[in-house]
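Line order of the protein sequences matches chains G and D.
Take 266 as the starting number for the first sequence in our numbering and just add one per residue.
Take 1053 as the starting number for the second sequence in our numbering and just add one per residue.
I should point out that these hints are in silico values taken from the structure, not numbers from a laboratory.
Hints may contain errors.
Said to hold, decoys possible - Pulled a few chain G residues facing chain D out of the computed Cβ check, cut under 10 Å:
1. D462
2. D467
3. M469
4. N472
5. G525
The model shown is predicted, which means the values in this text are computed figures rather than measured ones.
Glycine is no exception: its CB is placed at the ideal position from the N, C-alpha and C atoms.
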Amino acid sequence: MKAARLLLPLVVVLAVYAVLQILFMTEVLNAYWEKIFSLSAFVTICCLGLGIIYGFTGQFSLGHAAFYGIGAYSAALFTKALQVDSALGFLVAILIGGASAGLVGFLIGLPILRLRSDYLGIATLGFGVMVKTGLDNTDGLAGLLGGDLLGGARGMTGIPPLASFTWAFGFLVIAVIVLRNFVYSNLGRACLAIREDEIAADVMGVNTTRYKTIAFVIGCAYAGVAGALYAHFYRFLHPSNFDFLKSVDFLMVVVLGGLGSITGTVIAAVGWTFLLEGLRFVLPSNLLDFRMVIYPLILIAMMLLRPRGLFGGNELGPLKPPIDEPQPKASEARSPGVTA
Amino acid sequence: MSLLKVDNLSRYFGGLAAVSKVSFEVPQGGLHGLIGPNGAGKTTVFNLITGIYQPSSGDIRFDGKSIVGLEPYRVTALGIARTFQNIRLFGGLTVLDNVRTAYNCRVQYNLADAVLRTRRFQAEERQLTEQAREFLSVFGLLDRQYELARSLPYGEQRRLEIARALASQPRLLLLDEPAAGMNPAEVRQLMSLIEFIRTRFSVTILLIEHQMGLVMGVCEHITVVDFGQVLARGTPKEIQDNPAVIEAYLGKSVA
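With the hints as constraints, model all of the structure from the sequences given.
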């Protein structure tokens, strides 16, 4: 019974992958679309990370793109400096990207996760600005830490082409499974309890500092993994790709998908990427820059029509909460006043 | 011996003495009432016991050991649970998950177990879910296990909050105005519920309440506080006849 329940999603995932691969290979969808599909996977992984931090644990972060950038730059530095050209080397680079973003998240999270709501938002925003400025000025680090490889404000080039749609898709599937299993566990419940009422969570025995830190570190590591994939797909990194506006993009995707919904975040992230690109084809060339007018308008309309996001905390299919445990026999002693 | 001993407890907010040199003891297995007019500092005492606030001076001993300076989750792990005056459920979580959250500090499996869904994870998760369902069934909430806590009617939210507090297996249960907003029939139900959980879970109870009928009906011993200080202590009968208490509640007699 359990195997059957896992089989269907597995078949669907493999089928989606196979169909897309065939379309890419037969060039029904050209290399441009392969890029867009891959980009949507990176964006989704990154947004799932922010979903853990904001959607599930309720910690408002405005600096998520900084961790995306840290993952991208650290992984690219590793592969560029060591001239990595194997899949195994790339896997190590992705883990380095995730680990370095997670580590920075841990160090920055320790002091700032004491802050609540708006104040935490401002602290993370400040951190995002710091990282962007740092990346702009890596020329000052020339000679140490591989600073001369990072390219500063000119951008980082010469990153080996290691990523593909397969990598992007594979990591997206892993990211979704890990997040689902995290959410439906004691750790996930602790995070949700913190989001719902931090004082009550504390009093119910939840070590709030610990779980906020865990959620923040995992979320940042997701961004780092996404950044590492992104770096080796586009092979050019520029600090402006990881600025405050990018953080806002991620935040909007998470809110649009519905806080605390994995399904919603995936759909919103993919939809957002395709919307931005799709508008390129729909709009005449002299109106292309109006994309950034049309897309906020769509956002405003969405928020008016569905204020709790696309999925409003609900899930689809295998992402729904598992509820198949056997029901216990009704207990013999009941509390008074209970007649039901 | 006393399970809880509050000794000369004080807490100042700026120049305001919210709690000033309050002392009382709750014996093992007792049902103790803490009463007083609005703003007397009763809830502050609860917040001090549970570690939400730190005392300015004084000591709180639980089972002989000082718990001053411990973080709230550690106090809970030692065996003190509470409910709140303004119900604080996890509104967006299901009724079942509200109770399961209370097992947090007892869960042994780690992050890797959860992500990989190991045997240890499954066994522990199955066990705590069954325990939670039994709890809900005792409190008549099993039918509502998959509903969001915020969608429950008021009386059931109160009951769920008590169930959630008891699920953390406390030896001392602090109830902060459990009868607030209840009609007389609901208050009578609550009184028998309190008697029931006392015997069934053999838990010591400290109760803050305004409804005198409830306090006088169930409490064995009462401490009255006013303006942050202890005004009187004694049995319900003694408290009812105490002129200082009557004055604090009703004002000075003009006659």
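Structure-based check of all given hints:
1. The restraint placing D462 of chain G at the interface with chain D holds, with a minimum CB-CB distance near 5 Å, inside the 10 Å limit.
2. The closest approach between the C-beta of D467 of chain G and any C-beta of chain D is roughly 4 Å, which is under the 10 Å cut-off, so the hint is satisfied.
3. A distance limit of 10 Å between C-beta atoms decides the matter here; for M469 of chain G the minimum to chain D is near 5 Å, and the interface restraint holds.
4. Evaluation of the N472 of chain G hint against chain D yields a held restraint, the C-beta minimum of about 5 Å falling below 10 Å.
5. Taking 10 Å as the C-beta contact cut-off toward chain D, the hint placing G525 of chain G at the interface holds, the least distance being around 7 Å.
Taken one by one, the earlier hints all hold for this structure without exception.
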